[in-house]
Amino acid sequence: MGQETQAQTQTSASPALAPAPTPSSATAPDAAQPLSRGILSRSRLRSIYKAAISILLALVVTSVLFIITGANPLVAYYYMFYGAFGNTSFLIETLVRMSPILFVSLGLGIAFKCKVWNIGAEGQLYIGAFLGAETAIFLGNSPLALPASIVLAILGGMGWAAIPALMKTQLGINEVITTFLMNFVAIDLVTWFVSYPFRSTTADFPQSATIPASAMLPILIPHTRFHLGIAIALLAALPLVYFLMAKTTFGYKLRVVGENPEAAKYGGINVKKTIFLALIISGALAGLAGLFEVEGIQFSVMTSLSPGYGYTGIAVALLGGNNPIGILLSSFFLAGIYNGSVNVSIQLGQPSGIVSFIQGVLIIFVLGSEYIMRFLERKGVFKR
Amino acid sequence: MTGLTIAIAFAASCVTFACPLLLASLGETVVERGGILNLGIEGAMLIGAFSGFLGAYFTGVLWVGLLTAMIGGIASVLLFGVLVVRFNLDQVVSGLAINLLASGVALYFLRVAFPGGGYPHLNFLFQPFAVPLLSQIPVVGPIVFNQPGFFYLAIVLVPIVFYLIYRTTFGLRLRSVGEDPRIASYVGINVSRIRYTSLVLEGALVGLAGAFVTLSQFNTFDTRLTTGLGFIAVSIVILGRWNPAGALIGSLIFGSTEALSFWGTAFLTGPQASSLAQLLTILPYVTTLVALVVGGRMSKGPSALGAPYAKE
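Chains A and Z, in that order, give the protein sequences. All letters in the first sequence, in the order written, are residues 1 to 384 by this note's numbering. All letters in the second sequence, in the order written, are residues 385 to 696 by this note's numbering.
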């Protein structure tokens with residue numbers, strides 16, 4: 001695209017609520033720096049401190065919930081961490097839980113890197129899962145079912161994200177509102193599909209037919225739910241996203257557009273195209289997250305497909321500093337919070353809602369961690 | 385029921401559904417005029433609905449519920465305000481954090497307050513109030529003049545907010561802060577104070593919007609009751625061009641789509657009725673998206689909307 005279309009991006013981005021570029025301190029403090037050589041460079045160590053402080057403070061604030069209900073927070077956190085990482089089977093279940101969160105948040109990391117706030121991963125997940133699963137059901141027990149379902153899930157997530165992406169790049173409409181509203185459309189549509197036209201004839205509750213055996217992901221660790229999707233997340237999606245962000249010009253463009261769209265424009269980067277690609281790639285990964293939940297765990301599309309992985313991905317990507325390695329660690333942590341909270345509920349009769357609460361508090365502290373870190377550095381807790 | 389009675393009842397329902405949207409979008413209009421984009425309005429409305437319900441349920445007095453709803457709304461919006469005004473954090477992400485936090489708080493404390501499970505009910509509600517004489521006007525009377533008090537309040541607030549934004553010193557300062565906080569600050573305007581004032585106002589209005597849902601429209605609380613209303617209200621502000629009159633028109637349009645999806649089962653007949661009725665639930669969201677495509681692009685908001693501003 002030529003200079004003219006790029007100029008339009010700028011004009012169309014400023015009206016109607018487009019969030020202006022934020023100071024780098026807000027979300028990705030060292031995003032502009034090239035990935036450093038050493039594993040534990042100063043700036044990286046500093047980001048690790050910041051993430052650790054955010055987690056610690058979020059857990060401290062959340063302990064207020066336990067205190068109000070008369071539970072000892074230390075006991076509650078013991079149950080939480082035991083339920084998440086306490087023994088081999090809990091640990092494997094946490095990895096099972098991590099898989100969809102990792103897929104979603106790797107994609108969101110790409111979008112957030114160029115300051116595109118895709119909060120529609122939840123809907124992209126549902127659409128991808130539904131399209132992929134129905135493709136597998138349509139093809140039946142054929143060797144094509146699995147690969148075809150993967151392609152359709154990617155296309156489904158991409159297509160669903162392409163709508164707000166076009167609205168953003170062509171009309172300058174804030175993607176936060178459109179991606180969020182499209183979640184409701186997606187979930188309600190999939191609910192309708194599996195309640196009426198694609199409803200299973202045998203199940204009591206609204207859900208799709210069962211996927212054929214050929215599309216079920218193989219179990220890699222016997223007697224557990226550790227399925228192939230988790231391996232794909234760790235050994236394919238993660239390295240690919242890392243490569244994309246660290247080693248390609250696209251990754252470089254993402255950073256420049258995110259840091260300074262003005263500079264990106266003058267540097268000859270097609271800002272619109274970068275934003276569009278970032279959004280649809282994150283949609284594709286969300287679609288895969290949903291599909292592998294169906295093909296690895298649930299085996300049919302249910303209305304309760306996701307407990308909010310699309311929103312969890314936001315907290316994970318921010319906590320991980322939009323960096324694939326950081327995202328891996330944070331998604332493991334938040335998967336642990338999910339499973340650990342279930343254990344806390346069982347052991348202490350705690351109500352649900354802890355997971356959303358921790359996520360909200362966590363995001364606030366991650367955003368504010370630069371302030372907190374500077375405060376601690378002034379006080380001499382950390383070296384400047 | 386005859387066709388006319390149904391049509392009148394449906395039209396009245398459209399007006400009723402518009403009510404929380406109008407209250408919320410008026411509040412958001414004020415805040416956005418001052419350059420703050422508050423997406424946490426979704427969570428604030430949830431907290432307003434929840435705290436209002438708790439207040440009314442445990443005291444047995446509806447008016448107490450109204451008060452607690454406003455306190456809940458103000459507290460939620462002020463927490464957001466501290467994050468974005470005092471600490472200058474990213475407005476979009478802070479808003480999302482407030483929404484997650486709010487749904488966590490509502491889910492958790494719903495079960496703390498009612499450990500037995502199930503959904504508690506109120507035996508008393510803010511009933512529609514028939515305005516003497518005016519409610520006797522054929523057709524228009526039952527539609528417009530037989531509504532809960534919230535509606536009359538919201539309608540009266542439209543010109544008041546208009547006056548506040550365009551005809552008062554506060555409004556002038558608010559608008560200049562929203563256009564360029566730096567220059568506003570140079571000429572001696574206390575940017576933070578203006579923004580906090582607008583946020584408190586929004587908190588009260590959003591709290592009222594939440595209270596309307598749990599204390600008048602429905603008699604129970606569920607975290608799903610207000611889902612999406614906040615984001616639709618933000619869209620209404622864009623489509624209404626940051627103008628209270630626009631917010632009124634937008635709220636009526638989107639209230640109608642909600643009423644239509646709510647009334648689907650009553651209108652539809654035949655073997656496909658239940659299927660179509662369920663499909664209608666996407667109508668408000670699809671309408672909002674389409675409206676943003678049609679009307680959102682020409683919309684030009686306050687220049688500094690959503691932009692970070694650190695005091696120098």
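It is possible that part of the hints are untrue.
When the alpha-carbon atoms are kept at most 30 Å apart in a straight line, the in silico DSSO-like pairs for lysine-lysine are as follows [stated by the list, open to error]:
1. A/Lys247 to A/Lys273
2. A/Lys247 to A/Lys265
3. Z/Lys684 to A/Lys247
4. A/Lys265 to Z/Lys684
Hints listed in this document are in silico derivations from the structure and should not be mistaken for laboratory results.
Agreement of A/Lys265 and Z/Lys684 with the hint, judged by alpha carbon distance not exceeding 30 Å = It holds: about 22 Å lies between the C-alpha atoms, which stays within 30 Å.
query = Within a Cα-Cα threshold of 30 Å, do Z/Lys684 and A/Lys247 meet the stated pairing?
reply = Roughly 38 Å separates the two Cα atoms, so the pair is violated.
message = Check the hint pairing A/Lys247 with A/Lys265 against an upper bound of 30 Å on the C-alpha distance.
response = Holds, because 21 Å separates the two Cα atoms, which is no more than 30 Å.
query = Can the restraint linking A/Lys247 and A/Lys273 be considered satisfied, given a maximum Cα separation of 30 Å?
reply = Answer holds: A/Lys247 to A/Lys273 is near 19 Å, not above 30 Å.
Consistency note: the structure conflicts with earlier hint 3 alone.
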